[in-house]
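Be aware that the sequence shown starts at 430, since it is given in the working numbering, and climbs by one per residue.
If you're looking for bench data, these hints aren't it; they were derived computationally from the structure.
Please read these numbers as outputs of a predicted model, since none were measured by experiment.
Honestly, I wouldn't trust all of these hints.
Once the Cα atoms are required to be at most 20 Å apart in a straight line, the calculated SDA-like pairs of lysine to any residue come out as [what the hints assert, rightly or not]:
#1 K504 x A528
#2 K435 x A528
#3 K487 x S474
#4 K526 x S438
#5 K526 x L495
#6 K487 x A528
#7 K503 x S474
#8 K526 x M430
#9 K503 x G465
#10 K509 x S433
#11 K503 x A528
#12 K503 x E488
#13 K526 x M481
#14 K435 x Y448
#15 K526 x S433
#16 K503 x Q447
#17 K509 x N459
Derived DEER-like restraints, expressed as beta-carbon distance ranges [said to hold, decoys possible]:
#18 I532 x L478: 13 to 23 Å
#19 I532 x E492: 17 to 27 Å
#20 L495 x H439: 35 to 45 Å
#21 M430 x L531: 13 to 23 Å
#22 E491 x M430: 35 to 45 Å
#23 S511 x G434: 38 to 48 Å
#24 L531 x Q442: 17 to 27 Å
#25 P464 x E492: 17 to 27 Å
#26 R496 x S457: 14 to 24 Å
#27 R506 x W445: 33 to 43 Å
#28 L531 x L495: 16 to 26 Å
#29 R452 x R505: 27 to 37 Å
Glycine included, every Cβ here is placed at the ideal spot set by N, Cα and C.
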Amino acid sequence: MSLSGKPTSHYGQSDWEQYRAHRISFISQNYDILPGCTVFENVISALILNGMDRALAKERAEEILLRVELADKKKRRAAKLSSGQKQRLSIARALAKPAPILIADEPTCSSASA
Numbered sequence: 430m431s432l433s434g435k436p437t438s439h440y441g442q443s444d445w446e447q448y449r450a451h452r453i454s455f456i457s458q459n460y461d462i463l464p465g466c467t468v469f470e471n472v473i474s475a476l477i478l479n480g481m482d483r484a485l486a487k488e489r490a491e492e493i494l495l496r497v498e499l500a501d502k503k504k505r506r507a508a509k510l511s512s513g514q515k516q517r518l519s520i521a522r523a524l525a526k527p528a529p530i531l532i533a534d535e536p537t538c539s540s541a542s543a
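Input sequences plus hints: build the corresponding full structure.
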């Protein structure tokens, strides 16, 4: 097997973990959000964990929240969102990770506007 034209036959567990950490982003049906944090904190934390400067992360978080139509909910605790809003927050967190591969587990099952 090869990925991006490079053979993976020599990959060990740590190689696969690194690949997944840096090349794959997930949208989970179970949301995988931080319920005690605000919508904004959920997105900015994903950006900062991926090495982005805090000032740039704030700007990028605002852009992402606009894209998923949650900008008006940025100060709301994630636990207080509707199912559809939680799903869109999960999508926002996935978009915050600069990964070329996005895997979605039934990403639109509850994403209707609320």
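Evaluated hints:
1. K504 x A528: violated, 26 Å
2. K435 x A528: Holds: K435 and A528 sit about 17 Å apart, inside 20 Å.
3. K487 x S474: holds, 10 Å
4. K526 x S438: violated, 26 Å
5. K526 x L495: holds, 16 Å
6. K487 x A528: holds, 19 Å
7. K503 x S474: Answer holds: K503 to S474 is near 13 Å, not above 20 Å.
8. K526 x M430: Violated - the C-alpha atoms of M430 and K526 are around 25 Å apart, more than 20 Å.
9. K503 x G465: Holds, because 13 Å separates the two Cα atoms, which is no more than 20 Å.
10. K509 x S433: Violated. K509 to S433 sits at ~41 Å, over the 20 Å cutoff.
11. K503 x A528: Since the Cα atoms of K503 and A528 sit roughly 23 Å apart, the hinted pair is violated (cutoff 20 Å).
12. K503 x E488: holds, 13 Å
13. K526 x M481: holds, 10 Å
14. K435 x Y448: Roughly 12 Å separates the two Cα atoms, so the pair holds.
15. K526 x S433: Measuring from Cα to Cα gives roughly 19 Å; hence the hint holds.
16. K503 x Q447: The given pair, whose Cα atoms are some 31 Å apart, is violated under the 20 Å limit.
17. K509 x N459: Holds: K509 and N459 sit about 15 Å apart, inside 20 Å.
18. I532 x L478: 13 to 23 Å: For I532 and L478 the Cβ distance comes to about 18 Å; the hint holds.
19. I532 x E492: 17 to 27 Å: holds, 22 Å
20. L495 x H439: 35 to 45 Å: 43 Å Cβ-Cβ, so the 35 to 45 Å window holds.
21. M430 x L531: 13 to 23 Å: Given about 20 Å between the Cβ atoms, the range holds.
22. E491 x M430: 35 to 45 Å: 39 Å Cβ-Cβ, so the 35 to 45 Å window holds.
23. S511 x G434: 38 to 48 Å: Given a distance of about 43 Å, which is inside 38 to 48 Å, the answer is holds.
24. L531 x Q442: 17 to 27 Å: At roughly 23 Å between Cβ atoms, Q442 and L531 fall inside 17 to 27 Å, so the hint holds.
25. P464 x E492: 17 to 27 Å: Hint holds: Cβ distance 23 Å, inside 17 to 27 Å.
26. R496 x S457: 14 to 24 Å: This hint holds: roughly 19 Å between Cβ atoms.
27. R506 x W445: 33 to 43 Å: holds, 35 Å
28. L531 x L495: 16 to 26 Å: holds, 19 Å
29. R452 x R505: 27 to 37 Å: Taking Cβ atoms as reference, R452 and R505 lie about 31 Å apart, which means the hint holds.
Violated hints, listed in ascending order, are 1, 4, 8, 10, 11 and 16; each of the other numbered hints is respected by the structure.
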